[in-house]
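Listed below are the residues making up each chain.
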Amino acid sequence: MGLKLIGEVLSNLIRKSSTVEYPKQPPLALQEHRGRHYADLTKCIGCSLCALECPTNAITMNPLPRKLKQNPRGIYPIVEYGRCIFCYRCVEVCPVKAYITTNFFEMGSDKLGTSNDLSMSTLQGIE
Amino acid sequence: MSLIEIPVGPQHPALHEPIMLRVRADGERVVDVQVVTGYNHRGAEKLGERNTWSKDIFLYSRVCGICNTVHAQTYTQGVEAIGGIEVPPRAQYLRTLIMELERVHSHILIAAVMAEVVGFDSLFMLMMRDREPVMMLKELITGNRVLSDYYVLGGVRRDIDDVKKDKILKVLERVEERVKYYKKVFQEDFTISRRLRGVGVVKPADAIRSSLVGPTLRGSGVKSDVRADDPYAAYGEIPFNVITYSEGDSLSRMLVRFDETLESIEIIRYVLNHLPQGPITIKTAVRVLPPGEAYSRVEAPRGELFYHIVSRGGDKPYRVKVRTPSFHNIINGVIAYREANIADVPVILTSFDPCISCTERVLIIDEKSGSVKSLRLKDLSKGWLGGS
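Protein chains in written order, with my numbering: chain A, 1 to 127; chain B, 1001 to 1388.
Think of the hints as simulated: they come from the structure by calculation, not from any bench. Treat each hint with caution, since some may be false.
Sample of chain B residues facing chain A (criterion: CB under 8 Å; computed from the structure) [claimed, not checked]:
id: 1; residue: 1129
id: 2; residue: 1135
id: 3; residue: 1139
id: 4; residue: 1210
id: 5; residue: 1211
These numbers come from a predicted model, not from an experiment. Where is the CB? At the ideal position from N, CA and C, for every residue including glycine.
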């Protein structure tokens, strides 16, 4: 039996590698992966359900810089990624499906990022 | 004759998590082992009393990393019993599917760790490689390799289609072939056999008296499995066998896990081929529950997991008591170390499939006077629990 396992180990020398050279090659995260998510401000109605339901209180509601027709309260959610556990409870409870989800996970940083810039980018080119 | 006391852990090359075994030995022979926990306590039970019913699903999923879906299952089925919530059949089948996938990867993991502990590192690497496709399947279904967060009160969050079903079946075919191969390695390999056979024997009567659970109990020849004894989710409709081995040593505990992995793969095939049509979750959101009480139990990969949930009405639980399988297996498993060699201590501990963060409780007992001390949250936040 011991000899058999040596054959198994040696066959790894000629086999394709099981790992990927990650920074050079794209990572193996699937499309389904729960990664970075942010609110689409053209859809958000400012109902605050996501902030209430967030298990880690990572979402805060902040005033919008300008008036939007569908958002009478004039507030929008900011996700603090340092606190977020990526459970996607906010995505699930949103009544207008305003959250844009991605499989992006490379968020290791010395600064705690928020979803503010990404959410603001959804307002570009909209009156 | 004086005994020497050797601390194994909390930092030890063979242990992956912080736990201390105070081994009292007479030369090479172990006389007694005392388990010291308290390095990883997080206060999850207390924290749960401040969160709402649905937020607690995510909290209790994080009690244990590997067993996260079974923790969510035990908590949600208890809460659903209090609230009288009917779960759709398709959701029950999908819950069964994800729990069995978790059992497959958990059992392959502990077999790989066992290979590493006995000093067989190339086998460890090979098994970890072949475990990875199972993690990929979990990510495909739930959205994350480990922390699935798949449960809501009254159902599950994501559905599967035929494309995903075919992919799962295809990957499992390869996994089954590899698990059969590794089982043969564990049965026949000289190194593993010398380190595991006859080591840490637990007799059936001792196993029952010490309340051991799960594969540790079944490795001693006692037929006990919550899935068969008290079916939950869709297990009542699925045919499967309860695996037992009669030897009671470390090797038989590992072989129980290998056979269970193969059995789990059969369960997954049955679930995928008999998946009922219909909704995956109930339509109404659950926020407030009536007063009530529920005992809930589930067969986790490590054994019987038990929750006691008390509701006094409102949107928060009054009390959630968590009793994990490792709590019994690690603390009551000390009977297995007696008469073993010192070098076998990590092997025996690994054969129990220990999960340390599940086990942590805080109760400080003064060894000399026998007095029990309780701690306030303020004392806990200072860190070290006072040295006893």
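Comparing the hints with the structure gives:
no.: 1; hint: 1129; verdict: holds (5 Å)
no.: 2; hint: 1135; verdict: violated (10 Å)
no.: 3; hint: 1139; verdict: holds (5 Å)
no.: 4; hint: 1210; verdict: violated (34 Å)
no.: 5; hint: 1211; verdict: violated (33 Å)
In the structure shown, a violation is registered for the earlier hints numbered 2, 4, 5, in ascending order.
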